[in-house]
Amino acid sequence: MATIRPAQAADLPAISALDERETGVAKPDYWRDMLASDRHFLVAETDKGAIAGFIAGEIRAFEFGQPAAGWVHAIQIDPRQRQRGIASALFEALIARFKERGVTRVRTLVDRKDHLILSFFRAQGMVAGPSLQLDMDVS
Amino acid sequence: MKLQTATRLGLYAILELARDPERTLSAADLAERFGVSSHHLAKVLRTLGAAGLVRGGRGASGGYRFTGNRRRTTLMDIVALFEPAPGQRAKEPGQDTDIGRALQRVLLEIDEIAEATLRSISLETMLKAK
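Those protein sequence lines, which keep their order, are chains Z and Y.
Counting in my numbering, the first sequence tops out at residue 232, every number present.
Counting in my numbering, the second sequence tops out at residue 142, every number present.
Everything labelled a hint here was simulated from the structure, so no lab data went into it.
Even glycine gets a Cβ: it sits at the ideal position worked out from N, Cα and C.
It is possible that part of the hints are untrue.
What the hints assert, rightly or not - Which chain Z residues stay away from chain Y? Per the calculated CB distances, all over 12 Å, these: (1) PRO99; (2) ALA107; (3) GLU115; (4) GLY158; (5) ARG173; (6) GLU185; (7) ARG194; (8) HIS208; (9) SER212; (10) GLN217; (11) ALA221.
As the list claims (entries may be wrong) - Just a few of them, taken from the derived set where beta-carbon distance is under 7 Å, the chain Y residues facing chain Z: (12) THR79; (13) ASN81; (14) ALA128.
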């Protein structure tokens with residue numbers, strides 16, 4: 094079973110590489126910003142020292158007229174390490190950190206066509222929240 | 013979203029059977045539980061059987077048990093057995109007019125959200141929910 098711990102600068106190349114393999118987009122600056130002290134960035138490390146996955150989130154207060162909530166910004170698991178409960182362990186560890194800081198609600202945004210990740214969050218007990226996301230093409 | 017009676021019975025029946033895959037329940041047992049006719053339920057169970065989700069059911073008292081995969085089967089898989097696929101809907105009156113097209117976009121948006129919801133909830137997730 095992987096060990097969950099806070100991400101460090103030395104993990105960034107492995108995190109960026111894993112994310113790029115899965116999303117096809119390289120965004121090293123985005124991941125570096127996730128190391129900021131007001132973010133919660135956790136990794137799952139295998140007993141061989143490899144990064145099996147990561148989760149990133151933050152607590153945001155009074156956005157969209159809502160009380161403080163813990164947001165899950167990203168979660169990614171190495172495909173070779175899936176079906177082992179690593180994503181659930183990362184999610185639970187992030188929730189525990191949110192709860193320590195007094196947060197009683199957790200939120201995320203998911204592409205409605207991404208059934209894999211939607212199913213994952215549903216299986217964790219998440220349901221549709223009180224807000225509807227709206228969006229407009231202004232090109 | 014309005015689901016046909018057969019769809020709702022299919023969802024009830026599959027969840028009841030998947031709750032304990034070792035257990036066998038007849039169409040009559042399930043019909044009594046849901047307060048519907050066993051004739052109606054037998055038809056629903058045959059559809060679920062043809063999809064490989066349940067097995068059994070010889071005669072009126074024959075029992076059915078769940079043979080699917082709770083983690084892999086979603087509510088959408090069940091709904092799709094009984095409801096017409098979105099693309100196979102009958103042509104709507106006025107759908108080729110400006111207003112008809114605008115209305116179709118709204119209805120499509122609703123369908124997409126409903127489908128995303130149904131497709132993201134597995135039987136396992138349903139049965140685990142408090």
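Do the hints match the structure? See the list:
1. Interface exclusion of PRO99 (chain Z) from chain Y stands, the closest Cβ pair being 29 Å apart, more than 12 Å.
2. The Cβ of ALA107 (chain Z) lies farther than 12 Å from every Cβ of chain Y, with a closest approach of about 29 Å, so its non-interface assignment holds.
3. Residue placement check: GLU115 (chain Z) keeps its beta carbon more than 12 Å from all beta carbons of chain Y (closest about 19 Å).
4. Against the 12 Å criterion, GLY158 (chain Z) stays outside the reach of chain Y, whose nearest CB is about 22 Å from its own CB.
5. The Cβ of ARG173 (chain Z) sits about 19 Å from the closest Cβ of chain Y, beyond the 12 Å cut-off, so the non-interface label holds.
6. In this structure GLU185 (chain Z) is separated from chain Y by more than 12 Å, as the shortest Cβ-Cβ distance comes to about 15 Å.
7. No beta-carbon of chain Y is positioned within 12 Å of the beta-carbon of ARG194 (chain Z); the least distance is around 25 Å.
8. With a least beta-carbon separation of about 5 Å from chain Y, HIS208 (chain Z) fails to lie farther than 12 Å from that chain, contradicting its non-interface assignment.
9. With 12 Å as the threshold on Cβ separation, the claim that SER212 (chain Z) sits away from chain Y is violated: the shortest Cβ distance comes to roughly 5 Å.
10. With a minimum CB-CB distance of about 9 Å to chain Y, GLN217 (chain Z) fails to clear the 12 Å threshold, and the non-interface call is violated.
11. Residue placement check: ALA221 (chain Z) does not keep its beta carbon more than 12 Å from all beta carbons of chain Y (closest about 7 Å).
12. At a threshold of 7 Å, the smallest CB-CB gap from THR79 (chain Y) to chain Z is about 21 Å, leaving the interface hint violated.
13. At a threshold of 7 Å, the smallest CB-CB gap from ASN81 (chain Y) to chain Z is about 13 Å, leaving the interface hint violated.
14. A cut of 7 Å between beta carbons decides the hint on ALA128 (chain Y): the least distance to chain Z is about 4 Å, and the hint holds.
Comparing the model with each earlier hint shows violations of hints 8, 9, 10, 11, 12 and 13; every other hint is respected.
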